[in-house]
Each structure stands twice: as structure tokens, then as C-alpha cells.
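Enquirer: This is what each chain is made of:
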Amino acid sequence: MILLIQGGLVVDPAQNLDAPRDLLIDDGKIAALEAPGTIPADGRRVIAAQNLVVTPGLIDMHVHLREPGEEYKETILTGTRAAVAGGFTAVAAMPNTYPVNDNTSVTRFILEAARAAGLARVYPVGAISMGSLGQKLSEYGDQKEAGVVALSDDGRPVMNPLLMRRALEYARTFNLPLIAHEEDLDLGGHGAMHEGRVSLELGLRGIPSAAEESMIFRDLALLQLTGGRLHIAHVSAFGSIALIRTAKAAGLTVTAETAPHYFSLTDEAVYGYDTNAKVKPPLRTAEDVAAIKEALRDGTLDVIACDHAPHTSLEKDVEFEEAAFGLIGLETSLGLSLKLVHDGFLSLSQLVAKMSTNPARILGIPGGTLATGAVADVTLMDLNRTWQVDASTFASKSRNCPFHGWTLRGKAVMTIVEGRVVWEEK
Amino acid sequence: MEFRRKDLLGIAELAPEEIRHILDTAASLKEISARPIKKVPTLRGKTVVTVFYEPSTRTRMSFEIAAKRLSADTLNLTVAASSAVKGETLSDTAYNLEAMQPDPLVIRHPASGAPHYLARRLKCGVINAGDGLHEHPTQALLDLLTVEEAKGKLSGLKVAIIGDIAHSRVARSDIQAFAKMGSQVTVAGPATMLPPYLESLGARVTCSLEEAVVGADVIMMLRLQLERMGQMFLSTLREYSRYFGLAPQHLELAQPDVIIMHPGPLNRGVEISPEVADGVHSVILEQVTNGVAVRMAMLYLLIGGEKA
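Residue numbers (our numbering), protein chains in the order written: chain A, 1 to 426; chain B, 1 to 308.
Please keep in mind that the hints were generated in silico from the structure rather than gathered at the bench. These numbers were taken from a predicted model, which means no experiment stands behind them. Ideal Cβ placement from N, Cα and C applies to all residues, glycine included. There could be a bad hint or two in this list.
[Said to hold, decoys possible] Derived DEER-like restraints, expressed as beta-carbon distance ranges:
hint: 1; chain 1: A; residue 1: Lys136; chain 2: B; residue 2: Glu98; range: 48 to 54 Å
hint: 2; chain 1: B; residue 1: Thr206; chain 2: A; residue 2: Gln388; range: 39 to 45 Å
hint: 3; chain 1: B; residue 1: Ala34; chain 2: A; residue 2: Gly239; range: 56 to 62 Å
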């Protein structure tokens, strides 16, 4: 199919472009990118984008699709439906499924299910250790050949520093980035929320910021020793920012992400024992939120990824301490992140870099740009559309969203993957 | 004043006037327990259901006696005999109990916030009889009543609370209760058991028992949960007792008419020496007596009186 997207404001940080352009898509590729009005319509399907922003397809490099094993929470089909409805053309799927994705069979299954769904691209992330048990390295070479783009024991941090060292070295052998969930389980293991004033008031055991900071420090020290590429997942704490900033200044090959809830909410969201605000790492304080925003602005944080973590009422409609950690984000991530643009914290170009260009570069995957010849993964968004978050209408199977009822400004209106319109707003 | 709440969940949400009203009600109901026939018909036809997911002798019995003295029917569900061991969720258990139309449900649960979880879902009233590390509001109310009886006032008193503040729902409720009624609260314990931000609840914080008890009108000792020994909060019981156990010489630092309190059960020789526990300053058994009065007051205010 040939598509002509006319007159939109094209924001493509990879080309340093932020100007109105016509975009011609042919055979799943970007065929031309020209000044408005210079590409003739010639009977092609024309998409009028005069009031819209056109960006390289958004990529969320940290989601949980729950299939195989927990299909009652989410499937690859429903998870990619949620992705495209949120403007995402690609997602990286974390390996904590049942069974754990530590082998080529699970990777092939995920890729096949994603192909059958035909919506967003799904990039499997393989496990660092067999079964994510933190004891033995999994087969990185085999997994890469089968299609994994990174390695992570997300949710089950590697506590043994020797194993982490070997993982960094072995991943370097196959040029795979390691995505680290930074949490010292001995320090924070029994906690249910951030340790601070609110945890004291609510009588909930806390997870101190030091549980994240000390593990980041350990992994940066190991990275210095081993080389390779380390990507730090879902940074939440003030002190973590300074560590990452210093490591980057020293030239370490480290990148880092945060999630919209870490710059949109504080631990006060837990008042009333709201289990949708129970997440790891935990929601922290206003001081942490300010540091996260500043780190997004100055580039210390490279990526915004939502850590989409579907759970049902079985895991969430229970006592707070019994509830599972995690919240869903694919359908609110862009709207929450655009607030940073509307509030003047980030330029639109910076935001697109963090939600598309940088994740593509870190994972070494197609997309992240609208340059001629690139894959035609494109997101069209209306920056000024005001809408109310209604979790009951989500494409995701789960409803564990702490933003239900919020009014957001800006959302995706069309999602194009490899030249096909896979979702558009009715 | 009318008491308009459906539930009693914690001291945190009570205004000082509400606390005053509860204490006055408790004081007026207390004499019932001193009569030869300790029963009034006030709550006849009401049903008080206690659901305890943690062991308790004192609190459960205290609620039961309080309900019976007001002529309510009582029914006790304890965890060993309940469906929890069969895997039923808390909300399913609660809905099933509610279907039998209790008046209030009195709940003790190891998860902080469990009573709040039920209160949001159930039409019947919920009384928190202790939730996790969070609150134990009726304990704080009976402590206030005991102090007020002994001292004739609450405002301006110096109250020292000593021990494992971090894991104590009694401490969280007491700190807020005494602070709201105008007392000056100091907490003391080893730093492993003093969580940060205690000042935000209205307490002064120190690691020295001696410093905390200087000039104190009230000394409240907390029970040391012995399982904390295995969790790296303490070195040895001997050392804990030496630095944080209340002994006769400490009373010389306090006001001459200081009263000694403890929510029970006591670890004699650990946090409190037998001489102090049984000495003339101790009001530990008055606390138990007042527990019945305060729980009668709560039941009356929530399900009796104007709402009958």
C-alpha cells in the first residue's frame, strides 16, 4: 500500500528535523520526505495531517505481555492492541513469563504470536540467568540468533555480583545490552512501598531508595571492570540520578530509562492503600520526581518506557501487602509524557528521542527515524486533544491503572507499522 | 455531639473533639462494669462479630465483654477455625460475614490497611482491632482514658514511649493520640527500631531511655517482639534489657507521680523489670479495665445511641 501523509509537523530527532513535511510510504518503507505540497497525491491514500505531529513510531522497551503462562492478565494480541492504541509501533517484552524466556523455543513462540497478531512489533528480551534464578548464565548466543535484542532478569534482580560480572562479559561477547532491574532484595525485600513519611504513617514496610542506589553503584563498578553495555531499567530515586550522571561523564557505556509513573506520581498515591499504586521500584517523593524530570531534561535518562505490568483483580483486589507489584501504562504513557512537553520541561524532539530514537539505538532495532529508506513505522499524534483516562475502555486485558479518571492533553491518533495502518482513532 | 462515623479505623483520622467525645462516653459507661449486675440493654438485638487473623487474648475478650455488658450478641471468628486456611480471600470472608448481618465487624489482621480495605467494601461498620504495623486505635483510646483518670488532664503532660517503635501499631496510634490531645510525646529505642520521619507524627525522638524519661508524667513501655532478634534489629536480649528495659532507678528521673503503662503481654525482665511492673506507679491493670469501657463506648457510638 502507498500512503501519503500530508502537511504534518514531522519531528525526527535522528535527522534533527522539526518542520512540516509530506511523508510518502511505499512497500513498508519511507519512500520520500519532502516539503509540504511537493509530493503529488496521484490517487494514493492521503492522510491529512495538517494539525498533527508525525514522529517515528514510538518504541516501549520495557513491557510485560504475560504470554506464555499468564494469558488471563494479557496476551501478545491484547498487549500489542494496547501498544498500538497508545501510539507504539514496537515493544520489548520482558522474559518473566511462565516458562521464563531463557531459551529459543519461548522466543520463537513470542515472535510467532506477534506475527499472527500483526499489530506492533514485539522484540523479546531473554533472561540473564536460567529461569531468572540468578545461578547460571542462559544461552546468549542461541537466544540472539532466535531474536532476542537484550537480556534481563527483570523483576528478579541478579543478587550475586559475580554472576552479574559474568553476564556483562558474556553479553559483550554477543553484543547484547544487559537491562538491569536495580534492587537489593536483602535491603528492600519485604517492603511494599517507598520507605519514608508515608510508609511510616500507613504502617507499611518500606523499600529505601538505597536498595536501588546501592545496586546501581555495584553495576556501574562492574561495568567499568568488564566493558559491555548496561541499560538501567525504571530509575526512580534521586540518588540514582547522580550515580548515572557521574558514570556517563566518566565515559561508561551506560544508558537509563524511567517510567511515566516516576515523574507523575509520588508515594502519596498509596494513601488509602490503593494497590494500583503498588509498583517496583516504588513511587517515591516529590524530591525524587523533580530529580527524574531534571535528568530527562539533561539527558542523564535516555528513555521513557512504561513497564506495562498487567495484573487482574486476583492480584490487586486484596490487602495491600498481599497485592502484586506493577501497573499498566501503554495507553497512558504518551499522554503523561506529553505533559513534560506542555509544561516546558522537554522539547517535543527530546521526547521523541526518548520514546523512539534512543530505544531503537540501544536495542539495535529498525525504526526510530523517518529517514528515506527506513522502515515505515510512524506515529501520528494530536498534541492538544484533551481526553479522560477510562481504564474500562482500555485495549489491555487488565485494569490496574492508577491514572483512571485523569484528564490528559495529547494522544496518538494513528499508528502505522511497516506501512500498514494498524490502529486509528475512531 | 453526634458521632457520625461508620467505622473506627485509626487515630489518624479522628479530630480531637471526636476523641474527647469517645473518652467522655467511655468514662460514663465505665461504672456499668462496677455494678453487681454488669449489664444494660442498650445494644439488645445487635450482633458484634470479631474476626481475628492474629492471636489475641486481651483485645478479643475485651471487645466480647464490652459487647455483652451492653447486651449485644457476640460471635468470634478466629483464624485457625476460619476459611482463610482454605484459601478464601479476605473480601470473600467479609462478604459472607456481612451476609449474616452483623452490626459492626471488629477485625484484627496482620496486613496494614486490611480494615480500611473492608470498610470501603462493606455496608456494616468496621472497627480496627489492630492492623499490621499500622494502628490499634482502641488501645490508644484506653491509654488516653487511663492517663486522664490518673492525671486529671492530658494536655501539657510529658509522655515517654519506649521500645520497638518501628513494628508497633500501638506506638503509631499512641503518638498521634497523645499529640492530638496536647501531650508532649518523646519516643526512645535503639535506632534500628526508630523509623525516619517519626517527628512528622508529632514525637520527639531519642535513642536514650534516660533522656526520654526525664521529667516524664507517663512512661509507656512497648512489648519487644522476640522474633526481632533473628531479624538483625538487635544484638542480644541481655543488651536490649540493659539499655531499654525500665528499672526502678529510671523512675527517679521522672516526675514523682509518674505512671507506668504497658499494652501487654509483658516480657518480664526484658522491657520491664518485675519491680516496676508490679510497683505502685504501675497502671497496667487499669489499662485492661479501661479497655472494656473504651470498647463499650465505641460500640455504643457506632451502632447504638442516636443511630439505634
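Enquirer: Hints first: check each against the structure and report whether it holds.
Expert: Results for each hint:
With their beta carbons about 51 Å apart, Lys136 of chain A and Glu98 of chain B fall inside the hinted range of 48 to 54 Å. The supplied range of 39 to 45 Å is broken by Thr206 of chain B and Gln388 of chain A, whose beta-carbon atoms lie about 50 Å from each other. Separated by about 59 Å at the C-beta atoms, Ala34 of chain B and Gly239 of chain A satisfy the suggested range of 56 to 62 Å.
Going through the hint list in order, the structure does not satisfy hint 2, though it satisfies all others.
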